[in-house]
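Undergrad: Residue numbers (our numbering), protein chains in the order written: chain A, 1 to 408; chain B, 1 to 408.
Fair warning: there could be bad hints in the mix.
Any copy will do: because identical chains look the same in the list, a pair fits if it lies in one copy or spans two.
Said to hold, decoys possible - The calculated lysine-lysine pairs, modelled on DSS-like cross-linking and capped at a C-alpha distance of 30 Å, are:
| no. | residue 1 | residue 2 |
| --- | --- | --- |
| 1 | Lys120 | Lys110 |
| 2 | Lys25 | Lys358 |
| 3 | Lys110 | Lys87 |
| 4 | Lys221 | Lys365 |
| 5 | Lys365 | Lys110 |
| 6 | Lys387 | Lys120 |
| 7 | Lys120 | Lys87 |
| 8 | Lys358 | Lys316 |
| 9 | Lys233 | Lys387 |
| 10 | Lys221 | Lys358 |
| 11 | Lys165 | Lys358 |
| 12 | Lys24 | Lys365 |
| 13 | Lys316 | Lys365 |
| 14 | Lys358 | Lys24 |
| 15 | Lys87 | Lys221 |
| 16 | Lys233 | Lys110 |
| 17 | Lys365 | Lys319 |
| 18 | Lys387 | Lys165 |
| 19 | Lys87 | Lys365 |
In case anyone wonders, no lab produced these hints; they're calculated from the structure.
There are 2 protein chains.
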Amino acid sequence: MALIVQKYGGTSVGDVERIENVAKKVITARDAGDDVIVVVSAMSGETNRLIGLAAQISEHPDPREMDVLVSTGEQVTIALLSMALNKRGYPARSYTGTQVHIRTDSAFTKARIMDIDEAKVRADLDAGRVVVVAGFQGVDEVGNITTLGRGGSDTTAVALAAALKADECQIYTDVDGVYTTDPRVVPSARRLERITFEEMLEMASLGSKVLQIRSVEFAGKYNVPLRVLSSFKDGPGTLISYEEQTMEQPVISGIAFNRDEAKLTIQGVPDQPGVAFNILGPVSAANIEVDMIIQNVGADGTTDFTFTVHRNDYPKALKILEQVSRELGAREVNGDTSIVKISLVGVGMRSHAGVASKMFEALSKEGINIRMISTSEIKISVVVDEKYLELGVRALHSAFDLEQKATE
Amino acid sequence: MALIVQKYGGTSVGDVERIENVAKKVITARDAGDDVIVVVSAMSGETNRLIGLAAQISEHPDPREMDVLVSTGEQVTIALLSMALNKRGYPARSYTGTQVHIRTDSAFTKARIMDIDEAKVRADLDAGRVVVVAGFQGVDEVGNITTLGRGGSDTTAVALAAALKADECQIYTDVDGVYTTDPRVVPSARRLERITFEEMLEMASLGSKVLQIRSVEFAGKYNVPLRVLSSFKDGPGTLISYEEQTMEQPVISGIAFNRDEAKLTIQGVPDQPGVAFNILGPVSAANIEVDMIIQNVGADGTTDFTFTVHRNDYPKALKILEQVSRELGAREVNGDTSIVKISLVGVGMRSHAGVASKMFEALSKEGINIRMISTSEIKISVVVDEKYLELGVRALHSAFDLEQKATE
């Protein structure tokens with residue numbers, strides 16, 4: 001008998017019929033002899049409806065009251081799911097974040113979980129009940145309702161799994177697992193049986209938006225095995241856990257890509273100490289997040305400095321950079337919004353030389369010009385022209401043997 | 001500087017514009033120097049929407065979960081109203097029933113308030129904040145969310161007013177006060193400046209559905225002055241308080257009526273001890289509420305027994321009575337659903353003889369036949385044919401001088 005935490009997102013509980021369907025999935029686990037804690041989000045559309053009401057009243061609604069407002073969304077779902085379980089003869093009890101003491105700091109609308117009082121949940125599980133918990137919400141030290149920020153239900157599930165030392169935390173979504181890359185780009189993309197936390201973090205932050213990054217970090221930190229599954233289709237999903245020594249690790253687990261970036265370059269900057277800070281300081285001060293950063297020293301005592309930002313931030317960043325350029329006496333500033341980033345991710349590359357060269361070879365064979373390169377321990381990213389996205393991803397998917405195996 | 005509790009029902013907070021309007025009313029009181037606690041209901045339609053969701057899942061949803069579900073309705077309103085006040089520079093803070101410790105028993109969907117921890121509210125008031133409390137809900141000893149049953153927001157307001165010894169509890173509704181009778185029946189009906197708790201109880205239970213009976217009882221018990229006002233129209237409303245000795249009390253305060261009753265008679269019952277119980281026992285066992293009861297002893301050692309029930313319960317009550325009739329060897333059973341009850345209410349009738357005879361005279365002058373009579377200390381009720389309702393009420397309204405005064 002295992003203890004399982006299951007989390008169902010807004011789409012999975014989008015209407016009464018889907019909530020009934022979730023009840024059936026919970027019952028399958030109960031019938032298999034497992035203890036189950038279920039974490040649910042608001043019914044899809046509900047959070048936006050509530051935010052819309054607030055927007056009618058104020059452009060900048062009071063954050064404390066915002067949390068009181070939007071936390072009602074999950075509260076509706078926990079009640080309905082518990083009713084559906086009770087109706088079927090499976091005793092269930094719902095809890096809001098306040099009731100189950102998901103204690104957070106007081107950073108309204110983006111609170112962080114401090115700790116969870118697991119005694120209440122444990123008592124219900126011992127009494128044979130399914131425990132249904134409102135995701136995304138908590139309570140601060142003085143009893144104010146808080147929310148964890150959008151998508152925080154994943155974090156609630158992982159936190160509960162960690163506090164109760166659950167055997168597995170299952171995140172039900174509208175996809176049936178983590179794929180080697182986006183199947184819309186590479187139809188032969190393969191569902192991964194397993195992936196490590198580190199790989200998943202790289203995949204998630206690079207645009208494979210299956211899981212919230214924070215919840216993956218959290219699961220890694222507390223060593224909670226995470227499983228991504230589909231709410232609508234049966235299957236084993238993808239298990240996210242730590243690397244096992246005995247497990248034969250493929251060199252590359254997957255290929256992530258990101259179409260949302262833009263690239264900015266400042267050329268011919270007199271090369272002197274502090275140049276990087278002088279360039280990025282004003283960008284960061286404007287709350288613009290920077291992703292890749294590359295600096296090359298030129299021959300004439302000047303340097304070229306390139307970085308990428310989200311495309312939405314491009315016009316603002318360009319304006320700042322032009323001002324910086326004048327101040328630093330740089331030669332020129334230019335940018336490009338028609339680029340994409342493609343990344344190979346895999347813990348296996350740690351111990352395998354030659355991944356980078358194989359990557360560059362595969363791209364070169366297709367005549368794809370690489371505009372930027374950036375590497376980390378388990379990831380190599382390149383920036384290429386937007387038009388090469390599909391071609392590049394497919395070439396790499398094939399070069400690294402990620403295709404669907406006939407035997408699977 | 002007074003402490004005022006204001007309560008706004010679902011219609012008064014039915015949309016964002018109306019919530020903004022409530023904020024303005026609260027601000028008027030603040031600007032006048034008063035401390036204000038506001039109790040609000042769910043936006044009109046919201047509670048029914050939530051109940052509809054539950055009904056899709058189960059015919060008999062778990063009562064505990066029902067309360068978790070419907071209590072979200074008021075939670076939305078408190079957040080929105082607090083935002084509207086904060087936006088206007090009037091600091092406000094919202095509280096759910098759980099947060100402000102409106103402690104109730106555990107009778108889900110119809111809980112009763114045990115006590116209120118006023119410290120939190122007092123601290124906010126002292127800090128110059130408006131306190132916005134979710135009506136209709138509370139929390140039991142172990143932290144379960146409870147609701148007080150439909151319309152319970154009035155009770156929340158009165159309970160808060162009692163706990164904090166407020167100077168007045170103002171109930172904002174869609175009428176501008178309590179009238180001598182229904183203005184749709186008697187256009188010259190007059191708004192009462194004042195009415196006593198006892199009179200209000202008789203008026204409310206007789207069909208003038210301005211206030212919830214329970215909240216009037218509660219206000220009377222804790223001597224909380226209640227004022228009924230309109231959310232949509234300025235005016236002093238009607239003050240409900242205890243009778244003041246110095247106040248010249250009119251004999252009759254108002255005329256209530258009820259179109260929802262039906263009358264049942266069992267005739268020729270052998271008159272022996274226990275006959276009333278033998279007849280009403282089975283009716284009450286079927287959860288049918290009985291209003292008026294009259295028994296006359298006949299000449300032949302038998303008795304006639306008549307009572308009234310809600311029209312919805314009539315077919316069920318008739319069936320039971322036919323069974324009882326056979327068992328008791330009664331002569332016959334008959335009933336009538338085309339009746340109405342008209343009642344004169346007034347604490348003044350305690351000390352004035354002749355109210356009953358004046359009433360009967362006024363009805364007789366119009367040729368209205370009285371089918372039943374029942375009296376209490378401050379009320380006389382008669383049952384007449386449905387068709388005489390308007391005529392009867394108008395005749396009495398005029399006979400007892402209740403018309404709008406030209407000077408008012």
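Undergrad: Hint by hint, note whether the structure agrees.
TA: Results for each hint:
For the homomeric pair lysine 120 and lysine 110, the shortest alpha-carbon distances inside one copy (25 Å) and between copies (25 Å) are both at most 30 Å. For the identical chains of this complex, lysine 25 and lysine 358 are neighbours neither inside a copy (44 Å) nor across copies (72 Å), given an alpha-carbon limit of 30 Å. For a Cα distance limit of 30 Å, the shortest separation of lysine 110 from lysine 87 across copies, 21 Å, qualifies, whereas the shortest one inside one copy, 35 Å, does not. For a Cα distance limit of 30 Å, the shortest separation of lysine 221 from lysine 365 qualifies neither inside one copy, at 41 Å, nor across copies, at 89 Å.
In this assembly of identical chains, lysine 365 and lysine 110 lie within 30 Å of each other by CA distance neither inside one copy nor across copies; the values are 46 Å within and 74 Å between. In the homo-oligomer, the alpha carbons of lysine 387 and lysine 120 never lie at most 30 Å apart, since the shortest distance is 55 Å inside one protomer and 61 Å across protomers. Proximity of lysine 120 and lysine 87 under a CA criterion of 30 Å is satisfied intra-copy only: 23 Å inside one chain copy versus 38 Å between copies. Taking CA atoms no more than 30 Å apart as the test, lysine 358 paired with lysine 316 passes in neither setting, with 37 Å inside one copy and 85 Å between copies.
Within a single copy, lysine 233 and lysine 387 get their C-alpha atoms no closer than 34 Å, and across copies no closer than 64 Å, so neither meets the 30 Å cut-off. With identical chains, the CA atoms of lysine 221 and lysine 358 are never at most 30 Å apart, being 33 Å at best within one copy and 85 Å at best between copies. Taking identical chains as interchangeable, the C-alpha atoms of lysine 165 and lysine 358 are never at most 30 Å apart, the minima being 42 Å within one chain and 80 Å between chains. With identical chains, the CA atoms of lysine 24 and lysine 365 are never at most 30 Å apart, being 51 Å at best within one copy and 70 Å at best between copies.
Taking the closest pair of Cα atoms, lysine 316 and lysine 365 never come within 30 Å of each other, the shortest separation being 37 Å inside a single copy and 87 Å across copies. For a Cα distance limit of 30 Å, the shortest separation of lysine 358 from lysine 24 qualifies neither inside one copy, at 47 Å, nor across copies, at 69 Å. Proximity of lysine 87 and lysine 221 under a CA criterion of 30 Å is satisfied in neither setting, with 38 Å inside one chain copy and 41 Å between copies. When the C-alpha separation of lysine 233 and lysine 110 is checked against a cutoff of 30 Å, the pair qualifies neither within a copy, at 32 Å, nor between copies, at 41 Å.
Proximity of lysine 365 and lysine 319 under a CA criterion of 30 Å is satisfied in neither setting, with 37 Å inside one chain copy and 91 Å between copies. Taking the shortest alpha-carbon separations for lysine 387 and lysine 165, neither the intra-copy value of 47 Å nor the inter-copy value of 72 Å comes in at or below 30 Å. Taking CA atoms no more than 30 Å apart as the test, lysine 87 paired with lysine 365 passes in neither setting, with 61 Å inside one copy and 61 Å between copies.
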